[in-house]
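Engineer: What follows is each chain in one-letter form.
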Amino acid sequence: MVTATQTAISAQNVDFYYGDFQALKNISLDMQARKTTAFIGPSGCGKSTFLKLLNRMQDMVPGARLAGRILLDGTDMYAPEADPVAIRRRVGMVFQKPNPFPKSIYDNICYGPRLIGIRKAADLDIIVEKALRAAALWDEVKDSLDKSAMALSGGQQQRVCIARALALEPEVILMDEPTSALDPIATSKVEDWIQEAAGNLTIIMVTHNMQQAARVSDFTAFFFLGELIEYGPTDDLFTSPRKKQTENYITGRFG
Amino acid sequence: MALFGYDYQTRRRREALALFLIRASAVLVLAILGGILAFIFYNGFSAITWDFLTQFPRDGMRAGGIFPALLGTLLLAVGSLVIALPLGFGAAIYLAEYARPGALLTAIRLGISNLAGVPSVVFGLFGLAVFVGVLGFGRSLLSGSLTLALLVLPTVISSAEESLRQTPQSFREAAIGLGANRWQAIRQVVLPAALPNMLTGAILALGRAAGETAPIMFTAAAAYTLALPDSVFSEVMALSTHIYNMATSGTHIEEARHLQYGSVMVLMALVLGLSLIAIIIRARLRRGRQW
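Line order of the protein sequences matches chains A and B. Every letter in the first sequence is one number past the one before it in this note's numbering, and letter 82, counting from 1, is 82. Every letter in the second sequence is one number past the one before it in this note's numbering, and letter 129, counting from 1, is 384.
Because the hints were derived from the structure by calculation, they are not lab data. Note that the Cβ used here is the ideal one computed from N, Cα and C, for glycine as well. Each hint should be verified, as a subset may be incorrect.
Unchecked claim - Pair ranges (Cβ atoms, derived):
(1) A:Ser144 / B:Tyr353: 29 to 39 angstroms
(2) B:Tyr353 / A:Lys147: 43 to 53 angstroms
(3) A:Ala121 / B:Val487: 51 to 61 angstroms
(4) A:Gln211 / B:Gly372: 27 to 37 angstroms
(5) B:Leu531 / A:Gly199: 20 to 30 angstroms
(6) A:Lys147 / B:Asp262: 34 to 44 angstroms
(7) B:Asp306 / A:Lys147: 50 to 60 angstroms
(8) A:Gly252 / B:Asn369: 54 to 64 angstroms
(9) B:Ala281 / A:Ala122: 57 to 67 angstroms
(10) A:Ser180 / B:Pro341: 18 to 28 angstroms
(11) A:Asp218 / B:Trp438: 49 to 59 angstroms
(12) A:Ala121 / B:Gly388: 29 to 39 angstroms
(13) A:Asp218 / B:Tyr353: 26 to 36 angstroms
To be verified - Pairs of lysine to any residue residues, derived as SDA-like cross-links and limited to a Cα-Cα distance of at most 20 angstroms, are as follows:
(14) A:Lys142 / B:Leu531
(15) A:Lys189 / A:Arg215
(16) A:Lys97 / B:Leu540
(17) A:Lys97 / B:Arg427
(18) A:Lys97 / B:Glu428
(19) A:Lys147 / B:Trp438
(20) A:Lys97 / B:Ala538
(21) A:Lys147 / B:Arg420
(22) A:Lys120 / B:Gln443
(23) A:Lys25 / A:Gly44
(24) A:Lys97 / A:Asp192
(25) A:Lys97 / B:Arg539
(26) A:Lys35 / A:Gln156
(27) A:Lys189 / A:Glu230
(28) A:Lys147 / B:Gln421
(29) A:Lys97 / B:Ser425
(30) A:Lys25 / A:Pro84
(31) A:Lys147 / B:Arg278
(32) A:Lys35 / A:Lys25
(33) A:Lys147 / B:Ala538
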């Protein structure tokens, strides 16, 4: 494959504060388009904090402050004229705990499209099927689309959430420990989805599970105490880490 | 036998004693409540007939029915709900979803919970001064509904705010993450999820207000009127004040005893009915909505 690498999201000298606490220190990181990038590191290292900056979810947190720039496809997403709502439609998010709305599966998937004014049933039907197929859930739920998403199993719920994010056809999907609340079978289904989506979609995920990072990601970034310690192709980082801290972490000596 | 200096037998005895006391207080409370209900039922049951519910009082309230009072109480209840619900839910949404934590918010919350503890007669006097007097609504359905609305507002706001706070943060995050703005997230996801509990709280508050006497006596209630209300500016009768009048200011109080108990029974049935409606609404809206 000879596609030139292209940057989907570029973080440049990002500092981030919760009140007086500096959660991120001078992070610069280019995340490749149509690749899967994993963030690893011990709890509290800032990886989830950083992830939530990438679609402005941190806007909801009172007292948070950002310095530096984060470019989405070359445009600063924190520029004064940037619209956070538009950014979140281009950069979707899947959360740690499956969080379907207490609505039917169908209405869950349609939530995003309806927000941007798609109302026609025929259009929505197509979107729902496409999104559920993309999330590898269609065959399991196609006969029960009007059932409450809350009634599904945890793994199915998480794939509803993936489908719900995909329905907006985002350029990037952020996943915050997407399988930590799931059992092994459900986890492998979500991982299968990540691997199938690779090549079409930019996926950026936080994981506590280093085997998972090794299995599904193209690039890995290791965070520690709010700093980006090492970033590179996953194979290189896991087989020949350049930094001592990275090596200690991936060999299980701390964290 | 003491093991590690611990006397298990004493502990068991204490546990048994505690359990006995807790059980006894529960039984006592139920017995008192049951006793009151049985007493009223026993004394009032003979008065309850179809005519009692559908006719006007006659012969200086010694005979006839309670229709205008029943109607008045229902209208006042509906009126205060129509006023208190939008105001209360609006305030609750602001407090739970928009207000930044800080001294101001704490002060507002404190004010609301203090208002909930203000005796109802104070609301009655306020209603008399402001709605009946200054605003010139007179003693009317409107003044009474407004006064009752003020009375229930603190409870409606507190319970609605609590319901909103109990809605998982993850719903808001999910909606925002899909490109909803704050209001869309609240209206489309948070509110539908919180509504059953918000409504339940409001209806329970209303049930209590429906039985209130003082606020209505000052602002809405006629002791006796032959005219049914034809506008929001009409005076109305109300069950609670009707009971008060029959039991205190008639010339034949003893003769009308069974009618008083009958009216009390109807009022109680009304309040219990409202609670029942609240429970049914919650159960219905909640189906398949556990999280």
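Engineer: Going straight from one Cα to the other, do A:Lys97 and B:Leu540 come out at no more than 20 angstroms?
Structural biologist: Violated, because 24 angstroms separates the two Cα atoms, which is more than 20 angstroms.
Engineer: Just tell me: holds or violated, for the beta carbon distance of A:Ser180 and B:Pro341 against 18 to 28 angstroms?
Structural biologist: violated, 42 angstroms
Engineer: Honestly, do B:Tyr353 and A:Lys147 meet the 43 to 53 angstroms range at C-beta?
Structural biologist: violated, 34 angstroms
Engineer: With 26 to 36 angstroms as the target window, see if A:Asp218 and B:Tyr353 comply at their CB atoms.
Structural biologist: violated, 42 angstroms
Engineer: Could one say that the CB atoms of A:Asp218 and B:Trp438 fall in the range 49 to 59 angstroms?
Structural biologist: violated, 39 angstroms
Engineer: Holds or violated: A:Lys97 with B:Arg539, Cα cutoff 20 angstroms?
Structural biologist: violated, 27 angstroms
Engineer: Is 54 to 64 angstroms right for how far apart the beta carbons of A:Gly252 and B:Asn369 are?
Structural biologist: Holds, at about 57 angstroms.
Engineer: Does the structure keep A:Lys189 and A:Arg215 at a Cα separation of 20 angstroms or less?
Structural biologist: holds, 13 angstroms
Engineer: Does A:Lys142 pair with B:Leu531 here, judged by a C-alpha cut-off of 20 angstroms?
Structural biologist: violated, 39 angstroms
Engineer: Could you grab the alpha-carbon distance between A:Lys35 and A:Lys25 and see if it respects the 20 angstroms cut-off?
Structural biologist: violated, 25 angstroms
Engineer: CA of A:Lys120 to CA of B:Gln443, is that 20 angstroms or under?
Structural biologist: OK: A:Lys120 and B:Gln443 at ~19 angstroms, within 20 angstroms.
Engineer: Between B:Leu531 and A:Gly199, is the Cβ distance one that fits in 20 to 30 angstroms?
Structural biologist: violated, 59 angstroms
Violation of the numbered hints given earlier is confined to hints 2, 3, 4, 5, 6, 10, 11, 12, 13, 14, 16, 19, 20, 21, 25, 26, 27, 28, 30, 31, 32; the remaining hints are satisfied by the structure.
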